[in-house]
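Number of protein chains: 2
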Amino acid sequence: MQKVNTAPLSGFMELLPTDQMVFDQIKQVISDVHHANGFLSVDLPLIYREEILLAKAGGDTEKQIYQLQKGDNKLALRFDHTVPLAAYIAENQNDLVFPFKVSNIGKNYRGERSQRGRYREFYQCDCDVIGRGELSIAYDAEVIGVIYEIYKKLNFGEFTLRVSNRKLLNGFLTSLNLQNILAVSHVIDGAEKISEAELIRQFQLLNITKEMIAKIVQFINISGTNSEVLSKLKALEIDNADFVAGLSELETVMDLLAKKGVDNAKIDLMIVRGLDYYTGTVYETILNDYPEIGSISSGGRYDNLTDSYTNERFQGVGASIGLTRLFYVLQENGIVTTERTSPVDVLLVPFSRKQFEYCYILSDTIKNAGKTVDIFLADDKLGKKLSYANKAHVKNVIVVGENEVENGNVMVKNMDNGELSTLDEYLNN
Amino acid sequence: MQKVNTAPLSGFMELLPTDQMVFDQIKQVISDVHHANGFLSVDLPLIYREEILLAKAGGDTEKQIYQLQKGDNKLALRFDHTVPLAAYIAENQNDLVFPFKVSNIGKNYRGERSQRGRYREFYQCDCDVIGRGELSIAYDAEVIGVIYEIYKKLNFGEFTLRVSNRKLLNGFLTSLNLQNILAVSHVIDGAEKISEAELIRQFQLLNITKEMIAKIVQFINISGTNSEVLSKLKALEIDNADFVAGLSELETVMDLLAKKGVDNAKIDLMIVRGLDYYTGTVYETILNDYPEIGSISSGGRYDNLTDSYTNERFQGVGASIGLTRLFYVLQENGIVTTERTSPVDVLLVPFSRKQFEYCYILSDTIKNAGKTVDIFLADDKLGKKLSYANKAHVKNVIVVGENEVENGNVMVKNMDNGELSTLDEYLNN
Numbered sequence: 000m001q002k003v004n005t006a007p008l009s010g011f012m013e014l015l016p017t018d019q020m021v022f023d024q025i026k027q028v029i030s031d032v033h034h035a036n037g038f039l040s041v042d043l044p045l046i047y048r049e050e051i052l053l054a055k056a057g058g059d060t061e062k063q064i065y066q067l068q069k070g071d072n073k074l075a076l077r078f079d080h081t082v083p084l085a086a087y088i089a090e091n092q093n094d095l096v097f098p099f100k101v102s103n104i105g106k107n108y109r110g111e112r113s114q115r116g117r118y119r120e121f122y123q124c125d126c127d128v129i130g131r132g133e134l135s136i137a138y139d140a141e142v143i144g145v146i147y148e149i150y151k152k153l154n155f156g157e158f159t160l161r162v163s164n165r166k167l168l169n170g171f172l173t174s175l176n177l178q179n180i181l182a183v184s185h186v187i188d189g190a191e192k193i194s195e196a197e198l199i200r201q202f203q204l205l206n207i208t209k210e211m212i213a214k215i216v217q218f219i220n221i222s223g224t225n226s227e228v229l230s231k232l233k234a235l236e237i238d239n240a241d242f243v244a245g246l247s248e249l250e251t252v253m254d255l256l257a258k259k260g261v262d263n264a265k266i267d268l269m270i271v272r273g274l275d276y277y278t279g280t281v282y283e284t285i286l287n288d289y290p291e292i293g294s295i296s297s298g299g300r301y302d303n304l305t306d307s308y309t310n311e312r313f314q315g316v317g318a319s320i321g322l323t324r325l326f327y328v329l330q331e332n333g334i335v336t337t338e339r340t341s342p343v344d345v346l347l348v349p350f351s352r353k354q355f356e357y358c359y360i361l362s363d364t365i366k367n368a369g370k371t372v373d374i375f376l377a378d379d380k381l382g383k384k385l386s387y388a389n390k391a392h393v394k395n396v397i398v399v400g401e402n403e404v405e406n407g408n409v410m411v412k413n414m415d416n417g418e419l420s421t422l423d424e425y426l427n428n
Numbered sequence: 000m001q002k003v004n005t006a007p008l009s010g011f012m013e014l015l016p017t018d019q020m021v022f023d024q025i026k027q028v029i030s031d032v033h034h035a036n037g038f039l040s041v042d043l044p045l046i047y048r049e050e051i052l053l054a055k056a057g058g059d060t061e062k063q064i065y066q067l068q069k070g071d072n073k074l075a076l077r078f079d080h081t082v083p084l085a086a087y088i089a090e091n092q093n094d095l096v097f098p099f100k101v102s103n104i105g106k107n108y109r110g111e112r113s114q115r116g117r118y119r120e121f122y123q124c125d126c127d128v129i130g131r132g133e134l135s136i137a138y139d140a141e142v143i144g145v146i147y148e149i150y151k152k153l154n155f156g157e158f159t160l161r162v163s164n165r166k167l168l169n170g171f172l173t174s175l176n177l178q179n180i181l182a183v184s185h186v187i188d189g190a191e192k193i194s195e196a197e198l199i200r201q202f203q204l205l206n207i208t209k210e211m212i213a214k215i216v217q218f219i220n221i222s223g224t225n226s227e228v229l230s231k232l233k234a235l236e237i238d239n240a241d242f243v244a245g246l247s248e249l250e251t252v253m254d255l256l257a258k259k260g261v262d263n264a265k266i267d268l269m270i271v272r273g274l275d276y277y278t279g280t281v282y283e284t285i286l287n288d289y290p291e292i293g294s295i296s297s298g299g300r301y302d303n304l305t306d307s308y309t310n311e312r313f314q315g316v317g318a319s320i321g322l323t324r325l326f327y328v329l330q331e332n333g334i335v336t337t338e339r340t341s342p343v344d345v346l347l348v349p350f351s352r353k354q355f356e357y358c359y360i361l362s363d364t365i366k367n368a369g370k371t372v373d374i375f376l377a378d379d380k381l382g383k384k385l386s387y388a389n390k391a392h393v394k395n396v397i398v399v400g401e402n403e404v405e406n407g408n409v410m411v412k413n414m415d416n417g418e419l420s421t422l423d424e425y426l427n428n
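So the protein lines, in turn, are chains A and B.
Going left to right, the first sequence walks through residues 0 to 428 as numbering that gives the first Met the number 0 numbers them.
Going left to right, the second sequence walks through residues 0 to 428 as numbering that gives the first Met the number 0 numbers them.
Simulated from the structure, these hints should not be mistaken for laboratory data.
Hints may be right or wrong, so weigh each one.
Copies of one chain are not kept apart here, so a pair can be met inside one copy or by any two copies together.
When the alpha-carbon atoms are kept at most 25 Å apart in a straight line, the in silico DSS-like pairs for lysine-lysine are as follows [said to hold, decoys possible]:
| no. | residue 1 | residue 2 |
| --- | --- | --- |
| 1 | K152 | K258 |
| 2 | K258 | K233 |
| 3 | K353 | K258 |
| 4 | K258 | K380 |
| 5 | K62 | K73 |
| 6 | K69 | K2 |
| 7 | K106 | K26 |
| 8 | K214 | K231 |
| 9 | K258 | K231 |
| 10 | K26 | K366 |
| 11 | K353 | K233 |
| 12 | K26 | K370 |
| 13 | K366 | K394 |
| 14 | K214 | K380 |
| 15 | K192 | K106 |
| 16 | K62 | K2 |
| 17 | K209 | K73 |
| 18 | K151 | K366 |
| 19 | K265 | K152 |
No experiment lies behind these values; they were computed from the predicted model shown.
Could you build all of it, start to finish, from the sequences and the hints given here?
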């Protein structure tokens, strides 16, 4: 009989259980930190009417969207959490309490061109704060602080939170009387990946004068401690409302991050992020030893979140971790190594069915002590049972024969070092 | 400006955060019990080539499937966990350790006719044990035992696990020399929802003689304690291999369940379940006080899980909870009531930005004690800040003004009873 090909689709991550365990542990840390900081979970639909998803999207997004054939409605799979969240807030604005701190962890879909490390099905782990009307700038520091806490807990090595502000950049470019600010911002967004000569060439293509190019290059390279950078920015004495507002916001955000004990946030004026989306604070995150991986978390401030859906105005600020890609690069770079160890603490191996009942009792004792436990219930020979213990890499094994049932003395064998202990000793350690 | 309709699609559950919290708590209990019993998590793709999903499906499933327009492949959304799991096992059979105990919790999609309590996007929470070749009957008791443990922990009231065996039923019907066993089984499957007169009429439509109908009706109504039912079945002295094997399996399963301390498993010969799927043990679960809700968990033994995908033979047994429908009926019947209480333990309310730094420090202390904490960071008047605390139904509030920062004495106000305690008292309780 012809068999169906079972390989997963290109761009879809399928993990073995031991890898899945590591993936899920990272997801759990993210979720725990969200909750610890007062963010409430939502779990929104994956399918929407296409008009909701495309109300604001354009260009690439529209091409990458997965459309569904079903009934009369034109449907599609969500491609991020932001659009569904905006629709949810518009729909439930009278039942939600604002500022609304929301944790949104789930799968999204983009039919991108397939390549290594790019996924078409991917987890986004977002935390956002949404305000009805104005939202305090203090929440910008709040979401960046959440990312700090997450990566401190995950302990993947030293990292840097690179922070900038779109108002500041827009104000600066406006003060130069440039016409094509979006195009210039786009070039700055890619500046890190190209040489300075190429950067200058790209600015020249936009018909920017040499003098102006020099000013832009100087601006995005302003460096020093955060207070030095802020001083240099003030010293520019640019009299533009956006610039002044952006500078003040950036100063506040950096001040609050310092007060929160975030010791690795750096002002970095090369950070731009999504062009038609962010309106104030923007940030990215890099692992200091692996800058080539790119940003492992990013986000920022957005206005008019819901203007396609409601006349009420909502502002938000969010921080996102693309977990599927992150997990891929962590494994590729050996930053997380998947242990082949089973998550199961104890495997009970009864000699025969006669010991099942006793194993059930032991199993309850072990579970009540907060451990996980498996019982090998197949009718195999002892050798085969123990080979399962080895192949599954369980941490501890208890063999239960007639003697054990009679005496009630069972020994826990640590499979790493072969040491034996009584069950009481094991459970009380 | 014309606004886009943001109402969720019919058949898609969208919860407010306080409801979501209850939903997630139930999901967590299910997941915890799976893990405690040695089941390993997988998190498989939602999108597959249509040929994988439809390799075994037919009829209704094919009509209900969500198809995707993307590229050359004909794609579709998964409609259960079983088909993706079968493909995963065929694909990874050399890297998995068998018996493979797997926990599979996630969303599935069926474009069913929309009606109250029916969802097109729904969570299935499955645990399965898959054996390469033969799988011990002891695992049938294992998965039913997991369901017992889950519903004991969830504490929704008394419930009954109704257990039968398809080999037993098939063997019995074969012994009557009936030609159309599948059609007869289908009628038995619906027997509970109709009167005995209607049941008899449906059997008559299948051209079954009065005498035979009487025998079938008598068989499915065999009752008594489990050992009485087993005795009555043995007393039938039916000499059919399926019947004998089914009876032996059922006896073993009931015996092991008793040994596990499962005190509410009842043999019930009306239980049939999916016709072209289960091959041995089948079970359903009802809440004793709400039988009209129908089964809140079901499953059973299936052979040839992977025969569309590989020549290697795998057998399995599984137990499934349809969480989305379950949550709906629990709410409808008042079995779970959504508390309007926020999951946030403590809300810190600073008088002004001057107290932010102190609140950050308090917040770290509270988080380190394992509590969740929110800080109200908007620049509102105190009255408005406290009205947020009320509307969000946070459990405890700490107001932080200049005095508190100076003295370090903060008071925790319990919002339920208005009682005050020091932070130390609160954290050590």
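Verification of the supplied hints:
no.: 1; hint: K152 x K258; verdict: within (19 Å within a copy, 43 Å between copies)
no.: 2; hint: K258 x K233; verdict: within (22 Å within a copy, 77 Å between copies)
no.: 3; hint: K353 x K258; verdict: between (64 Å within a copy, 11 Å between copies)
no.: 4; hint: K258 x K380; verdict: between (63 Å within a copy, 23 Å between copies)
no.: 5; hint: K62 x K73; verdict: both (15 Å within a copy, 17 Å between copies)
no.: 6; hint: K69 x K2; verdict: between (28 Å within a copy, 24 Å between copies)
no.: 7; hint: K106 x K26; verdict: both (12 Å within a copy, 17 Å between copies)
no.: 8; hint: K214 x K231; verdict: within (13 Å within a copy, 94 Å between copies)
no.: 9; hint: K258 x K231; verdict: within (22 Å within a copy, 76 Å between copies)
no.: 10; hint: K26 x K366; verdict: both (24 Å within a copy, 19 Å between copies)
no.: 11; hint: K353 x K233; verdict: between (81 Å within a copy, 24 Å between copies)
no.: 12; hint: K26 x K370; verdict: both (21 Å within a copy, 19 Å between copies)
no.: 13; hint: K366 x K394; verdict: within (15 Å within a copy, 31 Å between copies)
no.: 14; hint: K214 x K380; verdict: neither (78 Å within a copy, 43 Å between copies)
no.: 15; hint: K192 x K106; verdict: neither (29 Å within a copy, 39 Å between copies)
no.: 16; hint: K62 x K2; verdict: between (33 Å within a copy, 23 Å between copies)
no.: 17; hint: K209 x K73; verdict: neither (50 Å within a copy, 53 Å between copies)
no.: 18; hint: K151 x K366; verdict: between (31 Å within a copy, 14 Å between copies)
no.: 19; hint: K265 x K152; verdict: within (20 Å within a copy, 48 Å between copies)
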